[in-house]
Amino acid sequence: MSPCTEIAEMTPVAIVKAAREANLDVIAICDHNSARNTAATRRAAKESGLSVIPGLEITSSEEVHILGLFPSDELAAAVQDEVYARLFGENQEEVFGYQVVVDEFDQVDDMDQRLLIGATTLNTERIVDLIHEFEGLAIASHVDRQGFGIFNQLGFIPPGLKLDALEISKKSDLDTMRTRYRQCNDFPLVTASDAHYLEDIGSAVTVARMAGPTFDELVKAIKGLDGRSIVDLKSCYSAT
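In the working numbering, the protein residues as written are 989 to 1228.
Derived from the structure by calculation, the hints contain no laboratory data. Owing to the predicted nature of the structure, the values given are computational and were not obtained by experimental measurement. Heads up, none of these hints are tricks.
Straight-line alpha carbon distances no greater than 30 Å define the calculated DSSO-like cross-link-like pairs of lysine-lysine that follow:
1) K1211 to K1222
2) K1159 to K1222
3) K1159 to K1211
4) K1159 to K1005
5) K1222 to K1034
6) K1150 to K1211
7) K1208 to K1150
8) K1034 to K1208
9) K1208 to K1005
10) K1208 to K1159
11) K1222 to K1005
12) K1034 to K1211
13) K1005 to K1034
14) K1222 to K1150
15) K1208 to K1222
DEER-style ranges, computed between Cβ atoms:
16) R1166 to Q1134: 16 to 22 Å
17) E1051 to Q1171: 14 to 20 Å
18) E1082 to R1166: 39 to 45 Å
Backbone N, C-alpha and C define an ideal beta-carbon position, used for all residues, glycine too.
When you get a sec, could you build the whole thing from the sequences and use the hints?
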């Protein structure tokens, strides 16, 4: 739904098809400040063998992106309601693009008129706490990027910020990241395609040892519980 995606192609049916073709077992749908298309994508994937984790990427008042991943559509929607109450401005479709809400058959249900690419009035700490209040995982997005990455926006990860993991972008080198940003050594690391176009799906993946492609198993892998773990970070831009 984010206006920076290609709305003609980034539909639930197409996303599920591309994810299966990329041999992915589980994906997360995380639009900017919204979870309105997560349930439709999960329903579209029902018979495909692909697991879909609902989420959203929330923009803090400091313009830091934080991913929230949740065990259910209902919990993701509840966080979305809190975000919407603190997100102001109206989308200008001729400037930013359309924000389309669709069903599992790719049929248009609605146009979201909120300015989803904007920042909320929630600070980064409050967003992390909010995600946890609704049983979610809080992951700092693309921490190495100049735009909306926590290191660029805040300079460091504040003491006591209860992030569950850090996401590094697909073009980053893991060893370089650990050297340049020492705090990367203090958190579990994941990567993702951050796909805004179909051809990007699967361009970066987190390989995890899990008993199944579920939210609960992902939590265990990130936290290193019960023999679950993050095994590798793979990107089409790296040799690994």
